[in-house]
Structure formats: structure tokens, C-alpha cells
Amino acid sequence: MSGAKGKSRPDHGDVLKFDHGPKSFKTSLGGQQISHYGIYNKEDDKVIHKTGPKRTHLSSGSGKSNKSEVKSESYARVAGRYDSVTIHNRPQESRYSAERVVQNAEAREGETSYNLVSDNCETFARECETGKKESDQVRKVGMALVNAYTGGSA
Numbered sequence: 001m002s003g004a005k006g007k008s009r010p011d012h013g014d015v016l017k018f019d020h021g022p023k024s025f026k027t028s029l030g031g032q033q034i035s036h037y038g039i040y041n042k043e044d045d046k047v048i049h050k051t052g053p054k055r056t057h058l059s060s061g062s063g064k065s066n067k068s069e070v071k072s073e074s075y076a077r078v079a080g081r082y083d084s085v086t087i088h089n090r091p092q093e094s095r096y097s098a099e100r101v102v103q104n105a106e107a108r109e110g111e112t113s114y115n116l117v118s119d120n121c122e123t124f125a126r127e128c129e130t131g132k133k134e135s136d137q138v139r140k141v142g143m144a145l146v147n148a149y150t151g152g153s154a
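Here full-length UniProt numbering is used: the first residue of the sequence shown is 1, the next is one more, and so on.
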């Protein structure tokens, strides 16, 4: 695992960020790197994550269905689909305990809702971690689009 700040494996409740290589067509939207996010469950070495519909090219690539799903898969299986995995937690004072993060994620297994902007893999992971639906990726893409439209004066 790269970029894990000295750790070789994630800890229970960590938010994991999975990235493709820089030349992959799956890596950018509006010129911004697109990553996949999930919650690590150390008890069974699994990642709980929200897959996106395959047609978006932004899913984890897990399965043949066109529908989205929150599911648990082995860490090795999910990580094996990407070039790098990093731990991407919010500061400790703004996140729930590791056990609660995992419980929040497990409670949502089987959900099938998906929206590229407001209900994606990153908003799922952040909501499990902090209680807030946030996506740095959506914010960055939005800012890039505003800057492109305004000539960079936003």
C-alpha cells in the first residue's frame, strides 16, 4: 500500500482511497483525478464500499451489474483493481470512533442508491466517518468547471 504514512496495512475504520495509474482513462473527470473510496473492516480484512453503475466508468469495476450497491469485499480483491491505496482519514477530532465508522458502513450494506454528485463512494465513506456527506472530488471538479467557465477568475 502506498502513501499510508508508515503503515503497511490499514487500521479498523480507516477511509481508504484507491487510485488508478496516471495514464488510465478512468482517472480523470474535468482534468481532475478520480478516486474510489471505502471503509476498512480489519476484523475480516474487507472493504465496505459503494460501487457506481458501470456505465459511469467511476465504479470500482466490481461485478457485471449496472446498478450501484454498498457491499463488502476482500481488501485484496478491491486493492487489486487499483495501482495505489492510501489511508485518507479526516482529522481524529472530526471523525467517529473506528468501531462506529465500520458499524455505520455495515448498516448501509445492500443500499443501491447512486448519484455522481451527491451519493457516491466518497460521500458514502465520509458520511460513515464523520456523519457529513462530503466529496472533495466533486468540490474540485466543480471548481475546475467554474474556473474554466470564468477564465480562472472564480
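Source of the hints: derived by calculation from the structure; they are not laboratory data.
There could be a bad hint or two in this list.
Derived pair list, reagent style DSS-like, types lysine-lysine, alpha-carbon separation capped at 25 angstroms [as the list claims (entries may be wrong)]:
1. K140 to K42
2. K133 to K67
3. K42 to K133
4. K132 to K71
5. K42 to K71
6. K42 to K132
7. K71 to K133
Practice item. Assess, step by step, whether the Cα of K132 is no farther than 25 angstroms from the Cα of K71, and give holds or violated. Key: Given that 25 angstroms is the threshold and the Cα spacing comes to 20 angstroms, the pair holds.
Check your understanding: Is the straight-line distance between the alpha-carbon of K140 and that of K42 25 angstroms or less?
Key -> Violated: K140 and K42 sit about 31 angstroms apart, past 25 angstroms.
Check your understanding: Going straight from one Cα to the other, do K133 and K67 come out at no more than 25 angstroms?
Key -> 21 angstroms, holds
Review point. Within 25 angstroms, alpha carbon to alpha carbon, are K42 and K71?
Key: 15 angstroms, holds
Practice item. Would you mind confirming whether the straight-line C-alpha gap from K42 to K132 stays at or under 25 angstroms? Key: 23 angstroms, holds
Review point. Can the restraint linking K71 and K133 be considered satisfied, given a maximum Cα separation of 25 angstroms?
Key: 18 angstroms, holds
Point to revise | Straight-line alpha-carbon gap K42 to K133, limit 25 angstroms | key: This hinted pair holds, its Cα atoms lying about 23 angstroms apart.
The structure shown violates just one earlier hint, number 1.
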